[in-house]
Amino acid sequence: MTAHVPVRPFALVLGLLLVLTVAEVVLAYFHVPPAMMLTALLGLSVLKAGYIMAYFMHLKFERFGLFLLLVPATVFCILLFLGFLPDAGRGMMEGA
Amino acid sequence: MSVSKAAVLDRPWAGGTRPFAMGSKKLGMWLFIVSDTLTFATLLIVYTYLRMAAPSWPTPFHFSPGILFATVMTFVLLASSFTMVLGVRAMSEGDRKAAVRWIGATMTGGLLFIALHLTEWRSLIAEGMRPFSNPWGDPLFGATFFTITGLHMTHVAAGVLYLGVIAAGVARGRFSAEDVEVSGLYWHFVDLVWMFVFPLVYLMSVSLP
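Chains as they are written, first to last, in our numbering: chain A, 1 to 96; chain B, 1 to 209.
For the record, the hints were derived by calculation from the structure and aren't laboratory data. Please read these numbers as outputs of a predicted model, since none were measured by experiment. Ideal Cβ positions, reconstructed from N, Cα and C, are used throughout, including at glycine. Certain hints may be false.
What the hints assert, rightly or not - With a straight-line cut-off of 25 Å between C-alpha atoms, the simulated DSS-like cross-links for lysine-lysine are:
{"id": "1", "chain 1": "B", "residue 1": "Lys26", "chain 2": "B", "residue 2": "Lys97"}
{"id": "2", "chain 1": "B", "residue 1": "Lys25", "chain 2": "B", "residue 2": "Lys97"}
{"id": "3", "chain 1": "A", "residue 1": "Lys60", "chain 2": "B", "residue 2": "Lys25"}
{"id": "4", "chain 1": "A", "residue 1": "Lys60", "chain 2": "B", "residue 2": "Lys26"}
Claimed, not checked - DEER-style ranges, computed between Cβ atoms:
{"id": "5", "chain 1": "B", "residue 1": "Leu208", "chain 2": "A", "residue 2": "Pro6", "range": "42 to 50 Å"}
{"id": "6", "chain 1": "B", "residue 1": "Leu208", "chain 2": "A", "residue 2": "Val7", "range": "36 to 44 Å"}
{"id": "7", "chain 1": "B", "residue 1": "Ser176", "chain 2": "A", "residue 2": "Gly65", "range": "32 to 40 Å"}
{"id": "8", "chain 1": "B", "residue 1": "Leu112", "chain 2": "A", "residue 2": "Tyr29", "range": "33 to 41 Å"}
{"id": "9", "chain 1": "B", "residue 1": "Ile125", "chain 2": "A", "residue 2": "Val7", "range": "40 to 48 Å"}
{"id": "10", "chain 1": "B", "residue 1": "Leu118", "chain 2": "A", "residue 2": "Leu82", "range": "30 to 38 Å"}
{"id": "11", "chain 1": "A", "residue 1": "Pro34", "chain 2": "B", "residue 2": "Pro139", "range": "18 to 26 Å"}
{"id": "12", "chain 1": "A", "residue 1": "Gly83", "chain 2": "B", "residue 2": "Pro55", "range": "22 to 30 Å"}
{"id": "13", "chain 1": "B", "residue 1": "Val72", "chain 2": "A", "residue 2": "Leu85", "range": "30 to 38 Å"}
{"id": "14", "chain 1": "A", "residue 1": "Pro86", "chain 2": "B", "residue 2": "Gly169", "range": "46 to 54 Å"}
{"id": "15", "chain 1": "B", "residue 1": "Leu31", "chain 2": "A", "residue 2": "Ala54", "range": "31 to 39 Å"}
{"id": "16", "chain 1": "A", "residue 1": "Phe67", "chain 2": "B", "residue 2": "Val165", "range": "27 to 35 Å"}
{"id": "17", "chain 1": "A", "residue 1": "Leu18", "chain 2": "B", "residue 2": "Leu208", "range": "29 to 37 Å"}
{"id": "18", "chain 1": "B", "residue 1": "Gly94", "chain 2": "A", "residue 2": "Asp87", "range": "51 to 59 Å"}
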């Protein structure tokens with residue numbers, strides 16, 4: 001870390017995160033299909049998580065190797081979990 | 001052609017002793033965060049699975065108190081992350097007094113989050129919500145809600161204790177700037193998890209008029 005870290009970029013990120021939160025809350029009151037709502041909300045949340053990791057957690061200022069160590073494998077693992085989700089619709093298809 | 005030892009240590013991809021240019025504590029915290037990320041990801045995906053499979057998933061959150069409280073809690077958590085950034089910054093500049101003050105502000109944010117969350121839990125319980133039954137729909141809603149938000153609240157409480165230990169140590173001249181930074185990483189992670197709990201559990205279950 002350098003001797004004097006500027007505060008301004010972090011304050012801007014905080015402001016952006018608050019604005020995105022308000023946008024999510026407003027969005028939640030729109031009448032749209034659940035799948036579209038889920039995609040929009042998760043999209044905004046991934047954006048927020050990215051800003052938190054990049055700035056608050058300093059990932060942007062670390063060696064790129066750390067990003068490669070942590071992020072791709074975790075994202076891939078979470079995407080693999082999603083493979084279970086189509087099974088959730090099985091009961092409805094069988095008319096249960 | 002021989003390569004000097006110093007040259008190897010400088011090159012992260014050649015097996016330098018500190019390939020990520022950070023101490024083992026910080027790298028260890030990052031690896032813990034990855035494993036905890038998978039814990040919460042699993043819980044949230046199980047929640048989504050049960051929700052998709054249920055014929056009637058409850059949408060009990062009215063604007064007040066549910067959504068309003070959860071939004072304010074999100075603001076509090078984000079603000080506490082910012083005060084933690086300022087605490088880490090103060091410590092990196094060697095200003096221990098300011099570091100203790102900012103960490104104290106962060107802990108206050110954490111405690112406020114827990115207080116608001118428990119108030120919100122109490123109002124849901126008063127409406128008849130239980131782990132395996134509720135007045136609105138699928139009985140598993142309570143179990144998933146209390147498990148996910150409860151585990152997150154436990155992380156916040158553990159974070160407040162962790163920061164308390166760090167702040168007390170920093171005030172007495174113990175701990176390095178990296179120790180404070182590592183505790184900050186944990187705190188930001190707790191904030192990050194809430195960024196997914198909030199939309200998935202609360203905003204997707206807004207009681208629409």
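Using the beta carbons of B/Leu118 and A/Leu82, state whether their distance is inside 30 to 38 Å or not. Given about 32 Å between the Cβ atoms, the range holds.
Given the hint that B/Lys25 pairs with B/Lys97, does the C-alpha gap stay at or below 25 Å? holds, 23 Å
Quick check: does the Cβ-Cβ distance between A/Gly83 and B/Pro55 fall within 22 to 30 Å? holds, 23 Å
Range hint 42 to 50 Å: satisfied by the CB atoms of B/Leu208 and A/Pro6? holds, 43 Å
Straight-line Cα separation of A/Lys60 and B/Lys25 no greater than 25 Å? holds, 19 Å
Does B/Lys26 pair with B/Lys97 here, judged by a C-alpha cut-off of 25 Å? holds, 23 Å
Using the beta carbons of B/Gly94 and A/Asp87, state whether their distance is inside 51 to 59 Å or not. holds, 55 Å
With the threshold set at 25 Å, check whether the alpha-carbon distance from A/Lys60 to B/Lys26 stays at or below it. holds, 15 Å
Honestly, do A/Pro86 and B/Gly169 meet the 46 to 54 Å range at C-beta? holds, 50 Å
Just tell me: holds or violated, for the beta carbon distance of B/Val72 and A/Leu85 against 30 to 38 Å? holds, 31 Å
Falls inside 33 to 41 Å, the C-beta gap from B/Leu112 to A/Tyr29? violated, 26 Å
Confirm or reject the claim that B/Leu31 and A/Ala54 have a C-beta distance inside 31 to 39 Å. The hint (31 to 39 Å, Cβ to Cβ) is violated, given that B/Leu31 and A/Ala54 are roughly 19 Å apart.
Of the numbered hints listed earlier, those contradicted by the structure are 7, 8, 15 and 17.
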